[in-house]
Amino acid sequence: GNSVTQMEGPVTLSEEAFLTINCTYTATGYPSLFWYVQYPGEGLQLLLKATKADDKGSNKGFEATYRKETTSFHLEKGSVQVSDSAVYFCALHINTGTASKLTFGTGTRLQVTL
Amino acid sequence: GAGVSQSPSNKVTEKGKDVELRCDPISGHTALYWYRQSLGQGLEFLIYFQGNSAPDKSGLPSDRFSAERTGGSVSTLTIQRTQQEDSAVYLCASSLAEWAGELFFGEGSRLTVL
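Residue numbers (the numbering used here), protein chains in the order written: chain A, 1 to 114; chain B, 1 to 114.
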């Protein structure tokens with residue numbers, strides 16, 4: 001079946017540090033890949049996405065590149081801010097015609113300190 | 001409404017009682033999803049609606065769980081004879097079409113079964 005594996009958190013960084021959150025996937029077929037973010041007290045929201053191999057999704061300074069050869073979609077940011085503290089979820093979607101759902105990883109909590 | 005609305009935001013119940021959780025999706029969104037978020041378990045898919053029908057209910061964990069959607073809008077998730085392992089945050093999400101590449105999530109209903 002389809003699955004997503006994320007690095008376990010929490011990840012604690014100082015402000016302006018470089019961030020990487022690893023995500024790998026297993027899927028039959030060619031999935032689209034997503035990062036969702038859940039800020040404290042808010043619902044999940046889409047951060048970025050990539051729909052085919054070698055695509056790079058980017059938003060708010062975050063980037064992730066769809067790597068088919070390594071089945072990965074690692075999230076990166078060059079300089080994190082305290083406001084980036086949140087839980088980050090990697091997810092995949094494959095349209096099978098009858099089923100249409102996102103499969104999520106377990107989430108990685110990021111804590112950024114001054 | 002402006003976003004996906006869920007109620008109640010918090011529910012504490014005794015083991016064996018029935019509970020109903022409500023989701024009001026974004027107006028005009030035809031697809032609606034229920035997920036469950038348990039500590040350390042990530043987001044677990046429960047059921048997907050397209051309009052009033054549920055083409056994928058494969059994630060419902062037992063026959064104690066059921067969901068319906070009426071008028072292509074509001075959905076209710078019902079858990080009968082609640083158990084302690086049902087304690088979790090239940091998330092609802094909607095999407096403009098069957099697969100529009102992005103889900104919009106509510107803030108969730110936190111269920112605690114004593």
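Don't take every hint at face value.
Unchecked claim - Residues from chain A that face chain B, not an exhaustive set, calculated with beta carbons under 7 Å: (1) P40; (2) G43; (3) L46; (4) K101; (5) F104; (6) G105; (7) T106; (8) L110.
Unchecked claim - Computed list of lysine-lysine pairs in DSBU-like fashion (alpha-carbon distance at most 35 Å, straight line): (9) K57(B) to K49(A); (10) K52(A) to K57(B); (11) K68(A) to K56(A); (12) K49(A) to K17(B).
Claimed, not checked - Negatives, chain B to chain A, calculated, CB over 12 Å: (13) K17; (14) E20; (15) Q37; (16) G42; (17) L43; (18) E44; (19) N52; (20) P55; (21) G71; (22) S73; (23) R81; (24) Q84; (25) G106; (26) V113.
Note that these hints are calculated values from the structure, not bench results.
Every residue gets a Cβ at the ideal spot worked out from N, C-alpha and C, and that includes glycine.
Against the structure, the hints come out as follows:
Because the smallest distance between the Cβ of P40(A) and any Cβ of chain B comes to about 11 Å, over 7 Å, the interface hint for this residue is violated. Among the interface hints, the one on G43(A) holds; its C-beta lies about 4 Å from the nearest C-beta in chain B, closer than the 7 Å criterion. Against a cut-off of 7 Å between C-beta atoms, the interface hint on L46(A) holds, since the closest Cβ of chain B lies about 5 Å away. Checking K101(A) against chain B by beta carbon gives a least distance of about 5 Å; that is within 7 Å, so the hint holds.
Evaluation of the F104(A) hint against chain B yields a held restraint, the C-beta minimum of about 4 Å falling below 7 Å. A least Cβ separation of about 6 Å between G105(A) and chain B falls short of the 7 Å threshold, and the interface hint therefore holds. At its closest, the beta carbon of T106(A) sits 4 Å from a beta carbon of chain B; the interface hint therefore holds under the 7 Å criterion. The interface hint given for L110(A) is broken, as the beta carbon of that residue sits about 16 Å from the closest beta carbon of chain B, more than 7 Å.
For the proposed pair K57(B) and K49(A), the alpha carbon gap of about 26 Å is at most 35 Å, so the pair holds. Taking the CA atoms of K52(A) and K57(B), the gap is near 28 Å; set against the 35 Å cutoff, the hint holds. At most 35 Å may separate the alpha-carbon atoms for a hinted pair to count; K68(A) and K56(A) meet this at roughly 12 Å. With a C-alpha separation of about 41 Å, the suggested pairing of K49(A) with K17(B) is violated against the 35 Å cut-off.
With a closest Cβ-Cβ approach of about 26 Å to chain A, K17(B) is found to remain outside the 12 Å limit, as its non-interface label requires. In this structure E20(B) is separated from chain A by more than 12 Å, as the shortest Cβ-Cβ distance comes to about 20 Å. For Q37(B), the shortest C-beta to C-beta distance to chain A comes to about 8 Å, within the 12 Å cut-off, and the non-interface label is violated. At roughly 4 Å, the least C-beta separation between G42(B) and chain A is not larger than 12 Å, which violates its mark as non-interface.
The non-interface label for L43(B) is inconsistent with chain A: the shortest C-beta to C-beta separation is roughly 4 Å, within 12 Å. The beta carbon of E44(B) sits about 8 Å from the closest Cβ of chain A, which is not more than 12 Å, so the claim that it is off the interface is violated. No beta-carbon of chain A comes within 12 Å of the beta-carbon of N52(B); the shortest separation is about 16 Å. Here P55(B) does not stay apart from chain A, with its beta-carbon only about 6 Å from theirs, under the 12 Å limit.
Annotated as non-interface, G71(B) keeps its C-beta farther than 12 Å from every C-beta of chain A; the closest such distance is 21 Å. Listed as a non-interface residue, S73(B) keeps its Cβ farther than 12 Å from every Cβ of chain A; the least gap is roughly 18 Å. Even its closest Cβ contact with chain A, about 26 Å, leaves R81(B) beyond 12 Å, as expected for a residue assigned away from the interface. Listed as outside the interface, Q84(B) is consistent with that label: its C-beta sits roughly 21 Å from the nearest C-beta of chain A, beyond the 12 Å cut-off.
Distance check for G106(B) against chain A: the nearest CB is about 5 Å away, which does not clear 12 Å, and the non-interface claim fails. Every beta carbon of chain A lies more than 12 Å from that of V113(B), the smallest distance being close to 22 Å; the non-interface claim holds.
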